[in-house]
Amino acid sequence: MATSAPGANRPLSPHLQVYRMLFTMLMSIVHRITGAALYFGTLLMVIWLLAAASGPDAYNAVTDLYGSFLGRLVLFGFTWALMHHMLGGIRHFIWDTGRGLDKVGRNFLARATLIGSVSLTLLLWIIGYAVR
Amino acid sequence: MANMRTPLSRVRGLGSAKEGTDHFWRQRVTALANVPLILFFIVMVIGLQGASHAEFVSVMGSPLAAILMLLVIISGTIHMRLGMQVIIEDYIHNELTKILALLGNTFFAIIIAAASIYAILKMSFGG
Ligand code: HEM
Chain F
1 MATSAPGANR PLSPHLQVYR MLFTMLMSIV HRITGAALYF GTLLMVIWLL AAASGPDAYN
61 AVTDLYGSFL GRLVLFGFTW ALMHHMLGGI RHFIWDTGRG LDKVGRNFLA RATLIGSVSL
121 TLLLWIIGYA VR
Chain C
1 MANMRTPLSR VRGLGSAKEG TDHFWRQRVT ALANVPLILF FIVMVIGLQG ASHAEFVSVM
61 GSPLAAILML LVIISGTIHM RLGMQVIIED YIHNELTKIL ALLGNTFFAI IIAAASIYAI
121 LKMSFGG
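Chains as they are written, first to last, in our numbering: chain F, 1 to 132; chain C, 1 to 127.
Simulated pairs of lysine to any residue, SDA-like, Cα-Cα distance not exceeding 25 Å: (1) C:K122 with F:P56; (2) C:K98 with F:V30; (3) C:K98 with F:I33; (4) C:K122 with F:T42; (5) C:K18 with F:D96; (6) C:K122 with F:V46; (7) C:K122 with F:I47; (8) C:K98 with F:H15; (9) C:K122 with F:L44; (10) C:K98 with F:I29; (11) C:K98 with F:G35; (12) C:K18 with C:N94; (13) F:K103 with F:L114; (14) C:K98 with F:T42; (15) C:K98 with F:A36; (16) C:K98 with F:L43; (17) C:K122 with F:L65; (18) C:K18 with C:I110; (19) C:K122 with F:D64; (20) C:K122 with F:S54; (21) C:K122 with F:L50; (22) C:K98 with F:A37.
Counterexamples of contact, computed for chain C against chain F with all Cβ distances above 10 Å: (23) R12; (24) L14; (25) S16; (26) H23; (27) F40; (28) L71; (29) I74; (30) I78; (31) H93; (32) T97; (33) I99.
Derived from the structure by calculation, the hints contain no laboratory data. Beta carbons are placed, not taken as given, at the ideal position from N, Cα and C, and that holds for glycine.
The shape of chain C in the complex, shown without the other chains (with noise of 0.2 Å):
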């Protein structure tokens, strides 16, 4: 097939999306991150089963848990957005449903961890 590509869209090999293996890799990165933040997060739900709010709330406010927690909920939310990303790509074809639905994708994948963040905050600074 004839090379329709220019010399200098090779050299920059960021192909049509102008985004080159950005995507990837930044969804592998979470991924891999995902594993030891999840199975933290398992653990930690498992080992609060039915406790009161006050051994909740000094569990969950503890530097550790917290740090944690953030890195749980950065990490996630960066992946799931991008793989909804993905997903709305593959099977939206009208150009405006598809960029709403991406809109709405990011917009949900941000309000999940600003509310989030909001609340393991409160709870780690005693408010």
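Same shape as in the complex, but just chain F (with noise of 0.2 Å):
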């Protein structure tokens, strides 16, 4: 590969903290930890299910665990990660496609992601306190 000799003038990537954090590297990273916090948090699900599946004790003692004030803070987290997650999975969709990929269509689809995340999270608890 004659092209790769030494001294080419190939660009070199400064190391990774020397970039200045970008909003949309923001949201990209962001994606990430919400998927990781996702799979983790299949935990809940599992207890949650597990436990009425195996009897009305087991059943209330995790009903009462996930609605105390730690555990609701804990599911509005998880609904917030699973919004932001769901958003940045369509906004992927949608490059898939080749669209949004320029400077407006990226930093416009990481402000949509985020505000649409926690406008989501917003509107599913007060709905889901309302029906209460």
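Using the hints, build the complex out of the two chains.
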């Protein structure tokens, strides 16, 4: 491979910390973090389902725990992670069609993802409290 | 750059990992399926707040809810396993640690799926 001679004028990547964090970069890593959080969050779903399957005592213990203040706080975070990751995924679908990759599109989609996830989370919790 | 690929490898189009676009594609298919399934899941969770145990079991065990929940679990666990695989491959470079982490990822996803499916079927079939 003739072009890989030493000293060829190839672009050099600075160290990762040298980059100024852009909003789009932040949204990209948040998609990964929410994905990983949801991964471990599936434990909450399994515990809930297994408790219900094993009888009223276990079921009541788990719903009390999940309904406690701390439990609700965790579930609120879970809801946001789910909404944010879902919208982030839809953003990936848009990119997969070749759209929204230019500067304006990227920034718009990054903003829309965050605003959308916060709004949807609040909306779901308002509905949740309203129908209780 | 000189082309190092053999004609056969180009025809197969499977690349160096020998999987082609399979991983990417399965991640997208499950992601797409997840959108309606997760929305169903959230609506159901909201609807089940404060339900008694008997109410919970009768809703979760009903055919429609049980089948949709099984789909949530299957699509979700396949998707999260593929996703975590990429995260592990990106950050863990020691070969042994990586293989152990990948195995752990597979086991975790399968255990989550098996336990959830068991719970749903138990409620469904009235065990
Ligand atoms: C609600 C619908 C969902 C959609 C639309 C969605 C979409 C996506 C997409 C498109 C990717 C690939 C991102 C990429 O190529 O860089 C991805 C990655 C991932 N997803 Fe999801 N997902 C959803 C739900 C979930 C759930 C419920 C979980 C976990 C239980 C999950 C866990 C993950 C993980 C761990 C990754 C890897 C993240 C990364 O590589 O940065 N996803 N998701």
